[in-house]
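S.K.: Sequences are here, hints too, so could you generate the full structure?
From first to last, the protein sequence lines are chains A and B. In short: position in the first sequence from 1, add 2, done, that's the working numbering. In short: position in the second sequence from 1, add 14, done, that's the working numbering.
Honestly, the hints are just simulated from the structure, not real lab data. Just so you know, even glycine gets a beta-carbon here, dropped at the ideal spot from N, CA and C. Take the hints with a grain of salt, since some may be wrong.
What the hints assert, rightly or not - If you want the ones that stay clear, here's a sample from chain B, every Cβ over 10 Å from chain A, calculated:
#1 V32
#2 D39
#3 R67
#4 D94
#5 S152
#6 G328
#7 P333
To be verified - Lysine to any residue pairs mimicking SDA-like chemistry, simulated, CA-CA at most 20 Å apart:
#8 K74/B to D62/A
#9 K70/B to D62/A
#10 K114/A to G182/B
#11 K58/A to K244/B
#12 K58/A to G182/B
#13 K284/B to R61/A
#14 K69/A to T282/B
#15 K324/B to K289/A
#16 K324/B to D237/A
#17 K70/B to R57/A
#18 K244/B to G182/B
#19 K20/A to T282/B
#20 K69/A to V326/B
#21 K289/A to R264/A
#22 K58/A to V326/B
#23 K74/B to S35/A
#24 K58/A to T327/B
As the list claims (entries may be wrong) - Here are some chain B residues pointing at chain A (derived, C-beta under 10 Å):
#25 D79
#26 S313
#27 T327
#28 R329
#29 Y330
#30 G332
#31 Y335
#32 T337
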Amino acid sequence: MSERLSSGGAGNRISVRKTPKLFIGGKFPRSESGRSYEVADSKGHFVANAAMGSRKDARDAVVAARKAFPGWSAATAYNRGQVLYRVAELLEGRRSQFVDEVAAGEGVSRSKATAAVDAAIDRWVWYAGWSDKVSQVAGSANQVAGPYFDFSVPEPTGVVAVIAPQESSLLGLVSVLAPAIVTGNTVVVLASEARPLPAVTLSEVLATSDVPGGVVNVLTGRTDEVAPWLASHMDVNAIDLAGAGDAAATELQVAAADNLKRVLRPQRTDWTATPDLHRMLAHLETKTVWHPIGV
Amino acid sequence: MTTTASPPVASGTGLPDVSQITSSDSALRRFLHGLPGVDQVGAEARAAMLSTRSIKTSAKAWAIDLAISMIDLTTLEGQDTPGKVRALCAKALRPDPSVADTPRVAAICVYPDMVPVAVEALRGSRVKVASVATAFPSGRSSLAVKLADTRDAVAAGADEIDMVIDRGAFLSGRYLEVFEEIVAVKEACGEAHLKVILETGELDTYDNVRRASWLGMLAGGDFIKTSTGKIAPAATLPVTLVMLEAVRDFRATTGRQVGVKPAGGIRTTKDAIKYLVLVNETVGDDWLDPDWFRLGASSLLNDLLMQRTKAVTGRYSGPDYFTLD
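M.R.: Now the structure itself:
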């Protein structure tokens, strides 16, 4: 029996191809527009037909992110940290798939791709650890001239749109995504246009870990087409322009000014270097409380 | 699906003889059960098919404004306060204060004790005040209490009364009792318009929805309304389709036009536009008017305003920029 199965299927089996989809509100829809685009590896060979997200997909993603925000931001820092550690565990389990996708997409050797994937998982854990520590660093007990216990605590900004780095498809993505969600923001991330597959696989990891649906929403498609709608969206509170070109970034920054979004301009960043805290702090607001005390 | 019901017709007049139909419980039952059955699969398929229509650009802008003007802006909570009702009335008059040409809603819908507050707040405007009555939402009370409830609301100045039918009596087949109750409430309404709430979520079958619709219309209801909003499922497209067919057939046989109001569960612009398409395709232009079609809703208005803002400014808006009701 088993012999027949193997002999019948070994040579001429038709492989089951994956359709990379969007990730919105914990579900994997195709683009509302019905469009897709060809993703090629670094040598120009066809890899997959990825969903080409439209402005309406972006709108739906923002709605999903807004809906998820109260729950995720109100979760305890400890709980958020545990959820993100869990994501790291599952990333580890998909290591070889990520290595394949990074190697093919970025055109690097397997050993370099392995190093990038390992660095991405380690970075995820590094940020997960900050969940219950960031308030000690960014918050403070303030000395004031009056009978008040005065303290400042960092709070998440809200819905953060992220234009993911175009070149570093996994490490770069993790380096901009993790700092936004660890503090309680919810995110709509626009994946690298030419190399979206690691982002799609990451969304599958997020869907099967304990991250509530809508906390991370992943769009694939044309950056030039979708990014302006996220930048001008009145219900997005901050935007990270890491993957936007310099000229586009200026236009997006202007669009983002309508509702006074926090804007993180693209900087020349070495994604392999140990990060500092500025990406995490960029998506935080400070709440200061004056608590009267008896004299 | 499109079969027109043919009620008993008084010889020579071409109109159904209501007094004959309602002369006894058995005559009424014979009539209501003689209505053609609803093809459930067909009704659902047609509603689903119509809901795939794509309404874009200028047609969408027109539909959004029409939908706003058809809204019965509703607050039916135990925690309602005069302040909340006044705030809602202000919103009814100027749904989006920043855009001057935003249409007004059709009416405010409140509990009877809030009617004086709403009347005062809406004085001099064309926005109507609707009040639920007759022991809303369950209708479990004696006729005397229901009539007193209705008179109370009318005396307080309500322009429209939303009554609930006695579902218990209807489901046990005591149609005449339901009929007479509606007639009595209609009389108690005087000048006020009467909307008859069928509470389709409790009627179980589309056949029952069709029968209840005819019953409400025969008894003199000016509107038939799907639901109270307190029972799930509330308004659905197929149920509204069945009711629209009923009002179409009723006008074809009696010459009297009756309005339809789906209420409950309509939250997005997309939903609202689906209902408008359904109206247009089932009963046509005559009902595409706030006098003949209403949408009972509260959160729908903000979504419509957000879409309107998007059309004007060219960027997506957010809930932060509209009032919480």
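S.K.: For each hint, tell me whether it holds in the structure or not.
M.R.: Here is what the structure says about each hint:
no. : hint             : verdict
1   : V32              : 49 Å, holds
2   : D39              : 51 Å, holds
3   : R67              : 16 Å, holds
4   : D94              : 24 Å, holds
5   : S152             : 32 Å, holds
6   : G328             : 8 Å, violated
7   : P333             : 7 Å, violated
8   : K74/B to D62/A   : 19 Å, holds
9   : K70/B to D62/A   : 18 Å, holds
10  : K114/A to G182/B : 73 Å, violated
11  : K58/A to K244/B  : 32 Å, violated
12  : K58/A to G182/B  : 45 Å, violated
13  : K284/B to R61/A  : 14 Å, holds
14  : K69/A to T282/B  : 15 Å, holds
15  : K324/B to K289/A : 32 Å, violated
16  : K324/B to D237/A : 12 Å, holds
17  : K70/B to R57/A   : 15 Å, holds
18  : K244/B to G182/B : 16 Å, holds
19  : K20/A to T282/B  : 33 Å, violated
20  : K69/A to V326/B  : 25 Å, violated
21  : K289/A to R264/A : 16 Å, holds
22  : K58/A to V326/B  : 17 Å, holds
23  : K74/B to S35/A   : 18 Å, holds
24  : K58/A to T327/B  : 16 Å, holds
25  : D79              : 21 Å, violated
26  : S313             : 13 Å, violated
27  : T327             : 8 Å, holds
28  : R329             : 4 Å, holds
29  : Y330             : 4 Å, holds
30  : G332             : 3 Å, holds
31  : Y335             : 6 Å, holds
32  : T337             : 15 Å, violated
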